[in-house]
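Protein chains in written order, with the working numbering: chain U, 1 to 395; chain Z, 1 to 395.
Honestly, the hints are just simulated from the structure, not real lab data.
Some hints could be false.
For identical chains, the list gives no copy identity; a pair is met inside one copy or between any two copies.
[As the list claims (entries may be wrong)] Pairs of lysine-lysine residues, derived as DSSO-like cross-links and limited to a Cα-Cα distance of at most 27 Å, are as follows: (1) 325 / 94; (2) 325 / 189; (3) 64 / 374; (4) 189 / 94; (5) 189 / 64; (6) 269 / 64; (7) 383 / 64; (8) 325 / 115; (9) 374 / 244; (10) 249 / 374; (11) 325 / 383; (12) 325 / 64; (13) 244 / 383; (14) 115 / 374; (15) 189 / 374; (16) 94 / 269; (17) 249 / 269; (18) 64 / 244.
It should be emphasised that the depicted structure is a prediction, and the values quoted were computed from it without experimental measurement.
Protein chains: 2
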Amino acid sequence: MPSTSSVTAPSYAVIPFTFTSSKSSPNFPTTKLFTKQNPNPLLQTKSTRSHRRVLVKATVSIEKETPEAERPETFLRGGDGDGGVSSVRVRFEKMIREAQDSVCNAIEAADGGGKFREDVWSRPGGGGGISRVLQDGDVWEKAGVNVSVVYGQMPPDAYRAAKGGASADQKPGPIPFFAAGISSVLHPKNPFAPTLHFNYRYFETDAPKDAPGAPRQWWFGGGTDLTPAYIFEEDVKHFHSIQKQTCDKFDPTFYPRFKKWCDDYFYIKHRDERRGLGGIFFDDLNDYDQEMLLSFATECANSVIPAYIPIIEKRKDLPFTERQKAWQQLRRGRYVEFNLVYDRGTTFGLKTGGRIESILVSLPLTSRWEYDHKPEVGSEEWKLLDACINPKEWI
Amino acid sequence: MPSTSSVTAPSYAVIPFTFTSSKSSPNFPTTKLFTKQNPNPLLQTKSTRSHRRVLVKATVSIEKETPEAERPETFLRGGDGDGGVSSVRVRFEKMIREAQDSVCNAIEAADGGGKFREDVWSRPGGGGGISRVLQDGDVWEKAGVNVSVVYGQMPPDAYRAAKGGASADQKPGPIPFFAAGISSVLHPKNPFAPTLHFNYRYFETDAPKDAPGAPRQWWFGGGTDLTPAYIFEEDVKHFHSIQKQTCDKFDPTFYPRFKKWCDDYFYIKHRDERRGLGGIFFDDLNDYDQEMLLSFATECANSVIPAYIPIIEKRKDLPFTERQKAWQQLRRGRYVEFNLVYDRGTTFGLKTGGRIESILVSLPLTSRWEYDHKPEVGSEEWKLLDACINPKEWI
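Make a model of the complete structure from these sequences and hints.
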């Protein structure tokens with residue numbers, strides 16, 4: 001999901017072009033994958049941009065990560081701090097690392113027993129990340145909160161398509177890009193306590209050295225969404241209200257637009273149902289003031305705790321039956337289906353040789369698939385399923 | 001996996017071309033999927049043929065299935081019985097339906113408690129299937145055995161690529177194809193009892209009416225593979241020996257070739273490990289006598305019971321610890337990863353609107369994902385993982 005995807009794939013998650021890994025790269029031995037014996041249906045992926053539709057063949061190569069003993073002050077390369085637009089990189093990294101600390105503190109406090117394990121890693125060419133996972137706690141079966149900074153190379157074709165109208169004979173080299181993000185998935189044990197996912201990311205391209213005057217591109221993306229196994233209407237209203245309040249501080253059109261975007265994105269096509277009850281989701285956002293969008297992303301990240309923790313406090317100790325636990329496990333199975341089959345970040349991360357454990361920490365500790373399970377019409381399970389099939393306006 | 005895939009996707013599983021669902025079809029509302037808000041990384045898939053590499057855009061449309069109260073004598077259209085090559089259709093359907101009966105009987109007998117539930121379905125334009133699932137039995141947590149017959153339309157480009165050397169101006173219409181297959185995945189409860197998968201399928205195209213003289217194409221595909229959580233060397237040797245004996249009756253090159261093919265196909269690229277300990281796998285097989293290959297597929301299907309049931313009888317009642325059960329569940333998680341991310345049949349079936357419950361019956365009843373789990377070097381769990389990373393010659 002976009003969540004853990006940002007560890008390896010914010011590049012893709014926000015680059016508004018189709019990436020097809022049709023050329024091999026040091027980190028992506030396509031030759032092995034293109035054999036008839038071992039075809040990989042994920043080798044080609046598709047994405048579109050709101051204002052343009054372009055199809056560009058490209059390879060994104062991500063270096064292998066190396067473990068670090070300590071958290072560095074910053075994952076940014078030297079020089080990224082020097083004023084101008086680049087300082088957004090500095091402020092965004094600061095923001096996501098502070099958000100990681102505050103969310104992890106709030107989760108540990110609410111869990112009471114579990115503690116986060118931390119893995120710090122870096123990449124030789126710059127960038128890196130901090131993965132934190134709390135597993136088998138008192139309240140959460142699995143809680144992952146990751147931040148990452150990625151420096152990569154954006155294919156020239158993609159860049160030309162980005163700025164548009166470049167002559168075909170103009171041949172810039174690969175365009176360096178920068179991406180940073182925080183991503184998190186929180187799976188509680190109690191079937192009445194909902195799963196939460198959030199992910200906020202920022203993307204930039206450098207101005208290409210060999211294409212003078214070509215503009216620097218930047219985008220924001222992210223979202224926060226709620227996935228319960230049972231509906232407590234007051235919980236869902238509370239969650240969506242916080243999302244709306246946060247959006248309304250910036251633009252009254254944000255909540256309705258990003259709420260629908262969320263319902264559309266977390267769609268399990270083969271089931272014709274959503275993963276959960278939504279929230280907000282946006283991507284490739286650059287047609288607003290950059291400072292405003294930085295503040296918006298910051299507010300969104302800061303709204304995670306007030307939107308989620310009160311719900312957990314109310315539900316974490318409710319008694320439940322085996323049948324209710326089994327239903328939660330079935331819904332967790334749907335979560336796995338969405339993440340492995342549809343989520344752009346996950347599927348892209350899996351093929352580009354990202355840090356697998358960080359990408360797949362989004363998967364629940366346990367899940368279940370029953371053949372042809374159909375909740376009894378009118379039951380609480382049926383009500384949840386109905387709301388996943390027919391997204392509702394909660395506020 | 002090829003297993004349940006044959007319910008909807010033997011067409012893809014054996015058609016040696018790239019299918020990209022780039023045109024919408026009544027059964028595949030791509031428009032909904034191609035929005036930026038809801039990109040689908042699986043919309044494009046890749047496959048290659050041994051002797052040629054072709055890239056062809058095409059749509060395979062599969063009609064929605066309708067439930068049937070009773071098993072029909074045959075799922076074939078009238079006329080398919082009339083002698084010539086078409087009679088292979090008749091004999092292959094008879095073979096897979098007999099194999100379904102004998103395997104289900106053997107599973108019920110070995111399980112002792114569980115009974116198969118049966119769902120019969122058909123498609124308006126011809127074809128259909130019988131899905132049988134035993135869930136939460138005494139020995140198996142989930143056992144699916146499906147047969148299906150599919151009539152579809154093969155895109156002209158794909159057909160031209162198939163017979164090769166056709167002039168671009170030659171424009172035949174879509175080529176009708178026929179596909180039939182049996183597919184099965186058997187997940188036991190006991191962590192010492194291995195999961196088995198097998199799938200055998202036959203594919204044919206009609207001679208195109210508007211391209212006189214164009215040859216009728218046909219292929220066989222399939223395989224049988226074993227996925228234990230723990231290695232009992234005698235079990236794996238027994239399983240592979242039966243595969244080899246079956247292959248050797250037809251061609252001494254079959255076992256070594258199909259054993260490697262199996263190791264290559266069931267490869268979880270993002271983990272650099274195989275799903276299990278392999279067996280045999282082949283696809284697009286048509287460069288042998290058709291009668292010989294029909295007999296070979298029949299022998300393979302008939303060898304499932306002697307290859308598998310004796311292992312189950314030895315292991316189904318062994319005592320086990322919670323830790324051993326958890327390891328089995330982690331390996332089941334890898335099974336889910338392979339099936340949802342890489343398996344051609346599953347991924348294709350999910351996008352073409354096949355019978356979802358039949359496709360996903362291949363998923364285990366329960367599975368588990370622990371963050372960064374690493375078996376202790378030298379442990380029994382480590383030995384299994386090592387054999388999945390470094391495929392061995394078992395006989």
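| request: Please work out whether the CA atoms of residue 249 and residue 374 approach to 27 Å or closer within one copy, between two copies, in both situations, or in neither? | output: Cα proximity of residue 249 and residue 374: none, with 42 Å in one copy and 46 Å across.
| request: Pop the pair residue 383 and residue 64 into one bin, within, between, both or neither, using alpha-carbon distances up to 27 Å. | output: between (45 Å within a copy, 26 Å between copies)
| query | Quick one: residue 244 to residue 383, C-alpha cut-off 27 Å, is that within a copy, between copies, both, or neither? | reply | within (24 Å within a copy, 52 Å between copies)
| Intra/inter-copy verdict for residue 64 and residue 244 if alpha-carbon distance must be at most 27 Å | neither (39 Å within a copy, 40 Å between copies)
| Checking residue 325 and residue 64: alpha-carbon separation at most 27 Å within a copy, between copies, both or neither? | neither (39 Å within a copy, 33 Å between copies)
| Intra/inter-copy verdict for residue 94 and residue 269 if alpha-carbon distance must be at most 27 Å | Answer is neither: 37 Å inside a copy and 34 Å across each miss the 27 Å cutoff.
| request: Check residue 189 against residue 94 for me: Cα-Cα at most 27 Å, and say if that holds within a copy, between copies, both or neither. | output: neither (31 Å within a copy, 48 Å between copies)
| said: One pair to classify: residue 325 and residue 383, alpha carbons no more than 27 Å apart. Within, between, both, or neither? | reply: Result: close within a single copy only, 16 Å intra versus 33 Å inter.
| field | Intra- versus inter-copy proximity for residue 244 and residue 374 (alpha-carbon distance at most 27 Å) | value | neither (33 Å within a copy, 42 Å between copies)
| said: As a check of your reading, is residue 115 near residue 374 (CA-CA no more than 27 Å) within one copy, between copies, both or neither? | reply: Intra 37 Å, inter 20 Å, cutoff 27 Å: inter-copy only.
| Quick one: residue 325 to residue 115, C-alpha cut-off 27 Å, is that within a copy, between copies, both, or neither? | Classified as both; 24 Å inside a copy, 25 Å across copies.
| request: Could you place residue 325 and residue 189 in one of the four classes (within, between, both, neither) given a Cα distance threshold of 27 Å? | output: both (9 Å within a copy, 19 Å between copies)
The structure fails hints 1, 4, 5, 9, 10, 12, 16, 17 and 18 (numbered hints given earlier, in ascending order).
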